[in-house]
Structure formats: structure tokens, C-alpha cells
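Visitor: Let chain A serve as the given structure and place chain B on it in line with the hints.
Protein chains in written order, with my numbering: chain A, 1 to 338; chain B, 1 to 338.
For chains that are exact copies, the list does not tell them apart, and a pair is met inside one copy or across any two.
Derived pair list, reagent style BS3-like, types lysine-lysine, alpha-carbon separation capped at 25 Å:
id: 1; residue 1: Lys17; residue 2: Lys267
id: 2; residue 1: Lys143; residue 2: Lys267
id: 3; residue 1: Lys83; residue 2: Lys338
id: 4; residue 1: Lys143; residue 2: Lys237
id: 5; residue 1: Lys299; residue 2: Lys145
id: 6; residue 1: Lys233; residue 2: Lys200
id: 7; residue 1: Lys108; residue 2: Lys88
id: 8; residue 1: Lys168; residue 2: Lys299
id: 9; residue 1: Lys200; residue 2: Lys185
id: 10; residue 1: Lys237; residue 2: Lys206
Honestly, the hints are just simulated from the structure, not real lab data.
2 protein chains.
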Amino acid sequence: MTYSQKQILLADRPSGKPTAETFQYAEVPVPTPDEGQVLIRTLYLSVDPYMRGRMNEGKSYVAPFQLNEPISGGVVGEVVDSKGSNLKQGDIVIGNLPWQEYSVAGEKEVRQIDPSIAPISAYLGILGMPGLTAYFGLLDIGKPKEGETVVVSGAAGAVGSAVGQIAKIKGARVVGIAGSDEKIKYLINELGFDAAINYKTEDVGKALAAACPNGVDVYYDNVGGEISEAVHKLLNKFARIPVCGAISTYNSDGADLGPRIETTLIKSSVLMQGFVVGDFSSRFSEGARELAGWLQEGKLKYEETIVYGFENIPQAFLGLFEGTNLGKQLVKIAEQSK
Amino acid sequence: MTYSQKQILLADRPSGKPTAETFQYAEVPVPTPDEGQVLIRTLYLSVDPYMRGRMNEGKSYVAPFQLNEPISGGVVGEVVDSKGSNLKQGDIVIGNLPWQEYSVAGEKEVRQIDPSIAPISAYLGILGMPGLTAYFGLLDIGKPKEGETVVVSGAAGAVGSAVGQIAKIKGARVVGIAGSDEKIKYLINELGFDAAINYKTEDVGKALAAACPNGVDVYYDNVGGEISEAVHKLLNKFARIPVCGAISTYNSDGADLGPRIETTLIKSSVLMQGFVVGDFSSRFSEGARELAGWLQEGKLKYEETIVYGFENIPQAFLGLFEGTNLGKQLVKIAEQSK
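Bound conformation, chain A alone (with noise of 0.2 Å):
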């Protein structure tokens, strides 16, 4: 017996920002595992903004994804069939995995996660991708140190949280910027920031000016344009800038433009630098080993925007360019079996 299964593919490059059109439901069939493989259904799926990247046809960081083909990511899922030696039914895995509510793996594609550490959910989050991203970013890049004046843009998203409470971790001052009053409450009272502002009310300048009285020593960029351009007037002598993302411009379709950056870097000397999480992928053990202690004493929090339901995917994803999620945004597809 065959059962069918729903999943999404890329229909059509968007140009701008994504539409309907650019999602196509599909009906297949539940595939069958191989030796050595497994056959895993989807529970949680990761949607983030890099993903809109993966959609446009030039290479970004990572290949684009391909037209007709299934859209992927990051994905929690329970083993319900295996035919593999050491994944076994009831497992729990996170892969990189398609949109679809079941899929095969490789027994190594996958890697098992251990419930009894955190909720499952929160390996595509504070212990996943996105942790991790906020890990590497702050301390290898950002280097804060102990007193000094760290902002982080795109605050109260899955990323900007964790850099905000890793720098109060280490000591620093936190300034977080973000799109909501409940965003701003959420930073300052949640988690502990010193400082936050909302962009969307008010003037971004004169507000880190006066969050910031001892000017700017990291900036974590997540979001890029003119709200980075008003911390970059506040950097200090040898600030660092890690570049996570550059979410205000992912949607643009022109060219992006802004003041040049160069007078910037040079009258301060100050080091800006780029990266993806993967750069870090030999020192992933460790960084999650950290993360894992500071969330189980209490250190950290993380805070999670779930959606119910596989058609809510595409929903879920153009949310994250609103600003609607707090926390990590993820889409629920199915409980866990008992």
C-alpha cells in the first residue's frame, strides 16, 4: 500500500519579495527506505532567512535551490521506519531535510538529538543553526569584552536574542534594535538587555545615541541598511562588526545603495567581517556544548514563534521579512508519537 504525502516546491523565482507564485503544493507518494536508510516524518520544520537567498538563480553562500525541486532546510523529525543498524523507530533526527511531511535519509544525513537535554524544537534554535550562528559571530568575530557596548540588530529574532544574551554573559553592555513594543519588553525584561529600541517608532540615531553613551565597541549585524548605518556613526576605536545578515535587503530587486563604508572603517579602524555558521562547522561540538550548559543553568532563554500546519509553511516564511516572529520562527507538522 502507497500512502501520498504533501510537499513545496520553488515554482518560480521571485524577483522581490515572494508571492504565492512562488510555492507549489504538491502530491507524492510517502517514499520507501533503502538499506542503511530511514524514513523520517517531519515534526518541525526551520524556516530562516537565508532561505530567501537559496531562491534567486546566482550563487549566494549556498547553492541556490531548483526550480520544480522540493524547497529545504533545517528539520526535527521522528524515525518511523528504519532500515538502518543504529537509527531504530521512535528516534528523534535533525537534517537538512525537503519541505515535505515525510522523507528518506542516509543514516548519516541525519544527526539523532537527545530530548532529555531540551524540547526537540529548540535544536533548530538556541541549540541549532541559529544558536550557534549568535555563538560563533559574537565571540570570534565580536570579541566582546567585559564593559563594553555591544548592539545587535534584528534583536528579538532567533539569532539576535541569543548574541544579546551571550554578550550579557560575558559581561557587556546590550543594546538590542527590533520592530515591536513587545519585541522591546520582551528584551529588556525577558532577557536582561540594557537597553532597546524600536524602529519603527523611533528615530534609530538619537536613541542608540542615548542607549550608548560610551559609543558602540561590537556590532552584530543581522539586518543591514539604514538602521546599520546609524550604529556605524557611534562605533569606537576598534570596533567589530560581525555581518550575520542583511535582512532589509534580501527582498530588493535593484542595486542596494547606501553610504560607502570605507571613511567609516578607516577613521576608527574598524574590523568588519562576514561570515556563515558553516565557517565554524569543525567547532560545532563545542559551541553546542556551551550553549546546552548556559540554557540548562538558566542563562539563556529562547523564545519560539510556532505555526500549525504544513500549508502554513510559506506563511511562516514570508513573516520573518514583517517581523512577526519573536524568537525563532517554526512550523509544526506533526506530534511526536507517545
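Guide: Just chain B, lined up with the frame of chain A:
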């Protein structure tokens, strides 16, 4: 008896390109040294692009020149009168001194130089600030590895020509960008660059792509603007950009707009770092020793463009922005006494 001498004051802060009105000549008495001071006759005077920034009101990386006060900069001079205990008449010194024919300075404000290592003018170039700027920016930030491709803009200037040669010493493939066919020939035939591009007559993007078949690993940037943007398109994964100068923009008055850099940095995990030579002041003796060694071994060549006469200082300075200099631009004010 009191002698009189010429000096040049900053008469007006230029908006855009400096003009004749920017500079004011004055006739003032030759000062007399006090205890612990020396009287120095200016022999060579350095004009450098960074001085344009000091003519602005706002703080750049060095304090602005004061209106109606002498402009100052690197000078090699001869002690003609000494009230100090270490320096004596006839000693050759280097220091930051006013644009005038004679200056008084404390013994510790200047540094004696050794004419047996190189001609005294070299201490304002390859053995001085420009040489050290090349050395530390390239080796500490650019970190070229053997076989990598290094591109340098402003390649025929005092800094750029040293950068290219040091990169060759380190085993890199070196491509220079400069502004005349004479300079291109000089870079290839005299300094051993692997390729050089005339940005005034060639399509820089195409020429660079041809000259850098393996992409660009280090871009030592002296100029900023569109030339740099052509290089940015060719950056390899983990490329490094020491940002030394942005001469293309120093005389620009309005906002200097260009494509925002963030996505380029993320795409290839690029490091971009602004600096000034003073950031490395604790290691100047290391740098000077290395440079002098290479000079004496014949591994490092340098060129000087010398204008003669105090009255030609402004013209020599303005020529920097026209690219009229090959190597270090100096003004010779007086002959060393025999």
C-alpha cells in the same frame, strides 16, 4: 639678529577640492631653541593624502588642522642649533613638524635617522610612515599566503608600491591598479608585479577578471569608490581587505553612495578592516627593521617624485589627487649642509 622664514597656514577649510584659497603664506621669524630643544632646518617635507582629512572640521582619525595655524606633517631636517644634550648640529632627524623652513622641537619630539642605511628622504617613504603602513596593513590584516592573489589599488603610490613588493616577497601573485601607462610599466618592469591595470583607460572589471583567474584573496584598498567595487566582485571565500585609504572620496563633499557592502561580505565570509599606521606604533621598530633589511637586500625598490621649493608645497599636495606622483611625493626645501 632675527632671521625671517616662510610658513604655510590653513586659511580656509576646503569644501571639495582644496584651492589656492586654502593656503596662506606667512613670513615669520625663525624661532630660537630653549633648553632641551633643537632648531631644525627643513630639508624634505612629506605631502600625503591623509592630510586632506585633517583640513576638515570634523574629527577624522587624527585631529583637524587649526585654522590660521601652520599645516604640519612629516619632515626630515637637519639640526642647525642645539640646546639639547643628545642631538648636535648636523644630525639628521625626522618628526611631525610645521610647513615652514625652520622649526624648533624638543629633543624627544624628533627622532635621529641614520643616513648610512638609505638616503635621508627614504625615511619619509619606504622606511617611514608609508612603508610601515604597507607593511602592517598587508601582513597583519591582509595576511597573504604563498600562491594567493593580492590586488592593490593606488599601486604606484608610496604605500601601494611597497604593498605589492612585500606581497611578492611573501610569494603572492600581485596585481596593481594605477592611473597611467607609465605607472603600469613601472609596476610590471621595475617592481615585478604580475599584472597591472590602468583604470583610466581600461574596463577595470574585465581587466581584473583576466588578471585574477583564481579570484582575489587580499585586496589592499587605498582608493575606495568604483575601483574597489570592481575588486569586490572577485573576492574569494575568506578574502581579506585592509582598508588603508579612500582617496577617491577625500575631496567629495556630499554623501559618497555606492552598493552596500554587507551582502558581499557575507557571501564570501570576507574580512574588511580599516586601520591607520598608528594602530601598530608599538611594533614600528620591527617593521622598520624588516623594511630596511629588504631594502638593503635589493628586494624592495622605491621611487620618489620630488618637487623643489617651499612655494610648490600646495601644488605637490594637490597633485596627489590627480595621481601625478610615482611613488612617494616629497618637496625638497633645502640642501643638507656638507
